[in-house]
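Residue numbers (this note's numbering), protein chains in the order written: chain A, 1 to 367; chain B, 1001 to 1200.
Everything labelled a hint here was simulated from the structure, so no lab data went into it.
Possibly wrong hints are sitting among the right ones.
[Claimed, not checked] In silico DSSO-like cross-links for lysine-lysine, where the CA-CA straight-line distance does not exceed 27 Å:
#1 B/1042 <-> A/37
#2 A/52 <-> A/81
#3 A/365 <-> A/349
#4 A/99 <-> A/115
#5 A/99 <-> A/62
#6 A/81 <-> A/349
#7 A/115 <-> B/1042
#8 A/115 <-> A/52
#9 B/1042 <-> A/79
#10 A/62 <-> A/194
#11 A/115 <-> A/81
#12 B/1042 <-> A/52
#13 A/79 <-> A/365
#14 A/349 <-> B/1042
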Amino acid sequence: MLGSTLLSILIVSSIAATLAAGLVVSERFLADYGPCKITINEERELTVQGGKPLLSMLTAEKIFIPSACGGRGTCGLCKVKVLEGARAILPTEEPYLNKEERAAQVRLSCQVKVKNDLRIQIPRELFSIREYITRCTRIRDLTHDIKLFRFQLVEPATMDYIPGQYVQLQTPAYEKSPTPVYRAYSIASDPAEKGIIELIIRLVPNGICTTYCFNHLKEGDEMRFNGPYGSFRLSDTQAPIVFIAGGSGMAPIKCILHHMKNTQNQREAVYFFGANRVRDMFMVEEMRQFESDLANFRFVPVVAKPQEGETWNGQTGLVTQAVQRDVTNGAFCEAYLCGSPGMIEASIKVLNELGVTNDRVFYDKFA
Amino acid sequence: MNLSAEIGEAFVVFIAAIFTQNILLAYFLGLCPFIGVSREIKAAFGLGLAVIFVMTCTTSLNWVAYHLVLVPLGLEYFRFILFIIIIAAFVQFVEMAVERYSPLLYQQLGVFLPLITVNCAIFGAALFMVIRNYSFVATIGYAFGSGVGWFLAIMAMAGIRQRLANDRIPRGLQGPGITLILAGLMALGFIGFAGVLQGR
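Chain A on its own, in the form it takes in the complex:
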């Protein structure tokens, strides 16, 4: 009985092993395209063993192209320009490329396999994306569910980023997740402090990354993140600015305000900060400080529903109502929004009514 069981296992295993061996051999002969040279932006050359997708080749070389789906061709984020050496566009790429992109030779890097020498072009800012090892130096409570985390960069020691950009924080494996998880947080610190990154994080009930940061991360711990990413940034026009952001959405706005202060920016700006209750309001003193440091900046905190016993002498109601009351020159303004998709949609609607056209509305949506 035991003998026949073992024999049957042996037979099936040997069939599987034969098939596997056949695949390994054919991979050796069929899928080996020899060394290929990838030229990036005409200035950097990589020599890699051909046969794998461009995206994973670049990641292996520590060049991080944003990708949300992990190379399955379903998110359409990993776009790069392939100037020379690529075959025709694959059917898997077609839904993600519009006419202009096709004309500009944009491709999805997860679908382009490296089989010969390639000349590619990637946005300069992606070049500076890399992994950073940091040490958490301070954790400060802002409200009952929002904290400010301050990180000292260790390796590399400084980061060049554009105010408004974000990093992807790596949560190490712990009881809530068996593998490391990445989540995006906007940089909130003063860009003049090149070795410091501050993040404003709101506790998401049951969130893997936020629970780790709130319950496990201690001052002095090592954390890793990669970045910087994102195209949310201040334009270089002179149009009056309307910032709208509540909760942890303050992060990129605060960073932009630091930058405006550092560069002596004289633009007229008003920041509407919406909170549900008075206890959700934070960093008001810092914002008042910006009012005196910047020539034409106003901070408008709005509380939706002050509870009994809470003292509040500012504006009340929805933040969008405050915008409606306050903004009179909508036809000239640029708006910068950061927050939940619902809040952003409601704000865009109100801004449109006030005469701010969509090409002058910039936003950073929390997914």
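Place chain B on chain A using the hints.
Just chain B now, kept in the frame of chain A:
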């Protein structure tokens, strides 16, 4: 049974697999790529052809492996594992070969091959082939017919969805939601074929 009778039988099985026992619309197998890749006729066409090819080849291979290896050894209960391994290895091999030797074919068809490896319609066809005790010729007819049936279903769905692209669909139903409803309606339509081949 002589060969011409077997071919006649295979032909009936072939027609039945396309219409009355359509693997997608009667058994709802292979739904994931059906919903995922039916946004455009062009992509649906490539995927459908790939399914026809892989279904016909792997089911025939699996027939050989089942009747010439497993049955003589009395190891029929291992068929689940063996079928999966054979399908995966075959698809992998074909993808590599096509990519190497025919970039044009890879362009049209090859990119869809990895999607099919884990397609339950392929595995389902191999299991039905065992359950229904088809001969080798009938198996080829059945597998080819199942592939053609799947191809027809996804082409029809892609055609409908391309038209839907300009329609106002309630937000909650956009994408997979309306696609599943359409698939249900198409399945109802295919019930109409049931009387054509009664008793088969």
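A quick look at each hint next to the structure:
Pair hint residue 1042 of chain B plus residue 37 of chain A does not hold up; C-alpha atoms about 33 Å apart against a cutoff of 27 Å. A hinted pair counts as satisfied when its Cα atoms are at most 27 Å apart, and residue 52 of chain A with residue 81 of chain A qualifies at roughly 18 Å. At roughly 15 Å between alpha-carbon atoms, residue 365 of chain A and residue 349 of chain A fall within 27 Å of each other, so this suggested pair holds. Restraint check: the Cα-Cα separation between residue 99 of chain A and residue 115 of chain A comes to about 26 Å, which is no more than 27 Å; the hinted pair holds.
Our distance criterion of 27 Å between C-alpha atoms is broken by residue 99 of chain A and residue 62 of chain A, whose separation comes to about 30 Å. In summary, the hint linking residue 81 of chain A to residue 349 of chain A is not supported, as the alpha carbons are separated by about 35 Å, beyond the 27 Å threshold. Between residue 115 of chain A and residue 1042 of chain B the alpha-carbon distance is near 25 Å, which keeps this suggested pair within the 27 Å criterion. Distance hint between residue 115 of chain A and residue 52 of chain A is fulfilled; the C-alpha atoms sit about 8 Å from each other, no more than 27 Å.
This hinted pair checks out: residue 1042 of chain B and residue 79 of chain A have alpha carbons roughly 22 Å apart, not beyond 27 Å. The suggested pairing of residue 62 of chain A with residue 194 of chain A holds, with an alpha-carbon distance near 22 Å, which does not exceed 27 Å. Between the alpha carbons of residue 115 of chain A and residue 81 of chain A the distance comes to roughly 16 Å, so the proposed pair stays at or under 27 Å and holds. Straight-line distance between C-alpha atoms of residue 1042 of chain B and residue 52 of chain A comes to about 25 Å, which keeps the hinted pair within the 27 Å bound.
The straight-line distance between the Cα atoms of residue 79 of chain A and residue 365 of chain A is roughly 20 Å, inside the 27 Å bound, and the hint therefore holds. With a CA separation close to 38 Å, the supplied pair residue 349 of chain A and residue 1042 of chain B exceeds the 27 Å bound.
Figure legend: structure checked against the earlier numbered hints; hints not met, in rising order: 1, 5, 6, 14.
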